[in-house]
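Since chain A is already given, all that's left is putting chain B on it; use the hints.
Listed in order, the protein sequences are those of chains A and B. Heads up, the first sequence is in the working numbering, so the first residue is 1 and it goes up one at a time. Heads up, the second sequence is in the working numbering, so the first residue is 1 and it goes up one at a time.
FYI, nobody ran anything at the bench for these hints, they're computed from the structure. Treat the numbers as computed from the prediction; the structure is a model and nothing was measured. Beta carbons: idealized from backbone N, C-alpha and C, even for Gly. Some hints could be false.
Claimed, not checked - In silico DSS-like cross-links for lysine-lysine, where the CA-CA straight-line distance does not exceed 30 Å:
(1) B/K165 / B/K391
(2) B/K400 / B/K304
(3) B/K165 / A/K321
(4) A/K102 / B/K391
(5) B/K417 / B/K400
(6) B/K400 / B/K77
(7) B/K77 / B/K391
(8) B/K391 / A/K321
Claimed, not checked - Facing chain A, according to a computed beta carbon distance under 8 Å, are these residues of chain B, among others:
(9) A87
(10) G184
(11) S191
(12) G240
(13) Q242
(14) Q253
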Amino acid sequence: MSDSKSNSTAVSADESNLDTNGTRTELIGSPVTASTDTPRRLISASDGPDIAFRWIARGSGTIVVTVMSLVGLFLLYQGFQALQVAGPSFLTEQRWDPNSGKFGIAAVLAGTFFIALTAISFALPLSLGTALYISEYAPAKIKSALVTVVDLMAAVPSVVYGLWGVFFLSGAILPVSQWISTYLGWIPIFAVNGFDVSDPLASPTAFAASTFIAGIVVALMVAPITSSIMREVFTQAPIGEREGALALGATKWGMISSVVLPFGRGGIIGGTMLGLGRALGETIAVFLIISPVFVIQPHILEKGANSISALIALRYNEASKFEISALMAAGLSLFVITLIVNFIASTIIGRSRSGNETN
Amino acid sequence: MSNSQSRVGRVIRRGFRAIVIVALVAMIGSAPSLVTASSATAAIGTTYYPVAGAGSTWSANALQQWIRNVFDNYRWKVTFDDSGSSAGRQLFSQGTVDFGVSEIPYQLAGSDSPDPRPTRQFAYVPIVAGGTAFMYNLVIGGQRVTNLRLSGVVLAKIFTGVITKWNDPAIAADNPKLALPGVGIVPVVRSDGSGTTAQLTSWMRATYPAIWNAYCAKAGRANCGITSNYPIVSGTAFIGQQGSNGVAGFVAQSKSVGSITYVEDSYALNARFPVAKVLNSAGYYTEPTASNVAVSLLAAVINKDSNSPDYLTANLSGVYGNADQRTYPLSSYSYMIVPTALEGSFTENKGLTLADFASYFLCEGQQQAEVLGYSPLPINLAQAGLEQIQKIPGGNPKNKNVSSCNNPTFSPDGTNKVANDAPQPQACDKQGSDQCLTGTGGAADVVTAGSSATGGAGSTGAKAGSTASATSATEAALSTGAVSTSGEAVGLSSASGGTPVIAGVPLNIPGRGIPVPTVLLMTLAAVGVLLVMLLPPILARRRSTAAPAGPRRARRLSRVRVISGAAKVKNPNVKVRDFFRKRGRAVLQRKDS
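Next up, chain A with everything else stripped away, as it sits in the complex (with noise of 0.2 Å):
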């Protein structure tokens, strides 16, 4: 929880408390409890206006958390028939085939897993080097200028981003991942099935249209909310303490390591999962570049991969009944993963220190 927060208030406490009685030498030796945390209560003057505002201010409280419990319900109920047929098996079945009740969702979980987190691999140091240069190194001329052009990233759609991968990166960089496979093809995961470093006509499209290509492309969609918001919490570090660490000797970097990345760690935690939920639902990127298949496929550089939302956006059009009733049954294993990770990604914001003075 914030340290400064409760001590001040816990120190202004024990002011108030020696000022009546005392008994300050007490209340410090004793545990900072709770019932000295309380903060005082507000009380306003409410007119008309500003009833009005609460209620509207509540309702679209309350309308945010209804549409959301609304889509859940709304997934579940589509995809309970489908839930049903399945069974258990739906969490463990590779295949994706409902019109022979042969359907789960192990493999293209797995691979959105694999996409997801190559992606955020890529977009970590991306995203911490962007908001570390934003918002130390980069000369106040050019800062807004960069902001301007990260924000501008963000506000790309995927689908010029799924062009792009299709049609300039998926070829270009075939070269780097027979270069990784061939150096680096003994880590299980960079070994590629049908490539034989010893057969030099092996075609490159062993490694087309693999998990990596997809990932580096959802890479670069996620880095600018990533590093948006690592930017936003290395600038509130506090100056006082930058200015106490370079009054003590120390260098930029040594201002930074000691400063600003301790007190950013729940911006670059936070970042990074809202990031990772991002990446999960990706959808019209990855579509673009994989080649689906229907297995656990962990070689990241081997063509192949699948995530649950181009699955979706794949067989949705000519889905039958029942079909439509198993992917929205796998829509729904992704709201909840996704839900999950931002559930994560907040609580961590929140109890870190510089998250929860922006709170």
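Just chain B now, kept in the frame of chain A:
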């Protein structure tokens, strides 16, 4: 657990049912007035209202051309979304679109999915015939192969992952003139539900059931029927792409050497890529040309029972084994699914547009079929189609019978003119003979040099030639696409076995450099985008500095001064950093104050 779950489900279902009942009551309340109003108006639509359709990518190239034609000439607005046959059938069934286009009918016999017929009334109208072509990207010694020949069994084995290398003896036996490289075969298949996939699997299932069933079982399919969703075995070279444009585009990429896919011939024509000649029952390797397809489809068994829900759909098993020399085994035609009752959002005005559009493409539109890479519909199908479109409510088609129809297949005696005039295949297309050197499909003008020496030496010679040059072609194929001198030398030297070598025309690879005007334009555009992005913040900054110095500016200046002053303090001799680290972070502790 499951009990409570089902109870929850029941409660939800009951709630939903209540909503549905309320909605139904509301609809019934207003419905009678709608029905009476519509039946009271004239049966023929008054204005050409836009119609929307979805479905087959197989026939999309023809359909999009016709849609452009009718819009340019008559201003009838027809939109078509080529989202795949499965999507087309489903969207029509749901009432989302006014017409669907599909290669296979609903409830196809032998299909692996139930695919129920829609509740709305509908009829099939054949739209265009064509051949499912095998477009490939194969380069030998830096030169594109344009005269590949494949027998049916080889094709079935390629698309079931049995044959995985281009220098497989079975492929070499089909292509005595080619020194096939040891490049892996990459079969590119459709990842979405596709009528083209259904055509291919229907053919494989009928012709090579053992090969297909083995593959299907390997892919873990519970039902090995005709499928619209191609099964992919993980870890094989197969690649799934969405839509005909997706698979054709993938094969056409320069990195995709060794890939082969199945699309309608028109996609290969558009991509300017060759298609494989496929061995027919008469022992000739043929291309899916308009005339070959027309001859092949003479053997299609068409459902002539006008009371059947599948009226006008075809059973193609006769086509696969048609004994005529001029046939292409994977010939078929595509249907439009049109509504025959005013249901949902379908009105007489839409019917007017749809009926006239159908009348256009069944007659005049067919003249363009051959140029577009399709084959015109034979007379019997066009005639039956014209009868079908009269069932469209609100329609008043211009052509009501064949006499006014300007279809290129019509001849006075009622036989198919295109089929009658179909040329016999060349002698070099006969099985066992040296293959023709002329190109196919979209690369018909590109001649492939005979690069292997056989000259009647039989299959052993072919094998020896191919293996010998496969090893020597290794280096050349390293940099695929690049026309290397060593590559050409391979192609020529390996053919020094005595038969005359017909030198191939080197393939021009256009678009190597970008023309200067394009570069200039792109640079200008890039500068423009940069300006649009960077100018607003810079201008805003300038304005704020130009403004009279207020407290805001003063504060900023003072902060800058403080920070820069602090930065100057740093002294490399004082090792504060380690000390600082030991102390922990610079978080103010309550004890300190």
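Results of checking the hints against the structure:
For the hint pairing B/K165 with B/K391, the CA-to-CA distance comes to about 52 Å; that exceeds 30 Å, so the pair is violated. A distance of roughly 19 Å separates the Cα atoms of B/K400 and B/K304; the hinted pair therefore holds under the 30 Å criterion. With a CA separation close to 41 Å, the supplied pair B/K165 and A/K321 exceeds the 30 Å bound. Only pairs whose Cα atoms come within 30 Å are accepted, and A/K102 paired with B/K391 is rejected, the gap being roughly 41 Å.
For the proposed pair B/K417 and B/K400, the alpha carbon gap of about 21 Å is at most 30 Å, so the pair holds. For a cut-off of 30 Å, the pair hint linking B/K400 to B/K77 stands: about 21 Å separates their Cα positions. Pair hint B/K77 plus B/K391 holds up; C-alpha atoms about 21 Å apart against a cutoff of 30 Å. The straight-line distance between the Cα atoms of B/K391 and A/K321 is roughly 28 Å, inside the 30 Å bound, and the hint therefore holds.
At about 4 Å, the closest approach between the beta carbon of B/A87 and any beta carbon in chain A falls short of 8 Å, and the interface hint on this residue holds. Of the supplied interface hints, the one on B/G184 holds, with its beta-carbon coming within about 5 Å of a beta-carbon of chain A, less than 8 Å. Below 8 Å, beta-carbon pairs count as interface contacts, and B/S191 has one with chain A at about 5 Å; its hint therefore holds. A distance limit of 8 Å between C-beta atoms decides the matter here; for B/G240 the minimum to chain A is near 4 Å, and the interface restraint holds.
For B/Q242, the suggested interface contact is upheld, since its CB lies about 7 Å from the closest CB of chain A, less than 8 Å. With a least beta-carbon distance of about 6 Å to chain A, the hint placing B/Q253 at the interface is held under the 8 Å criterion.
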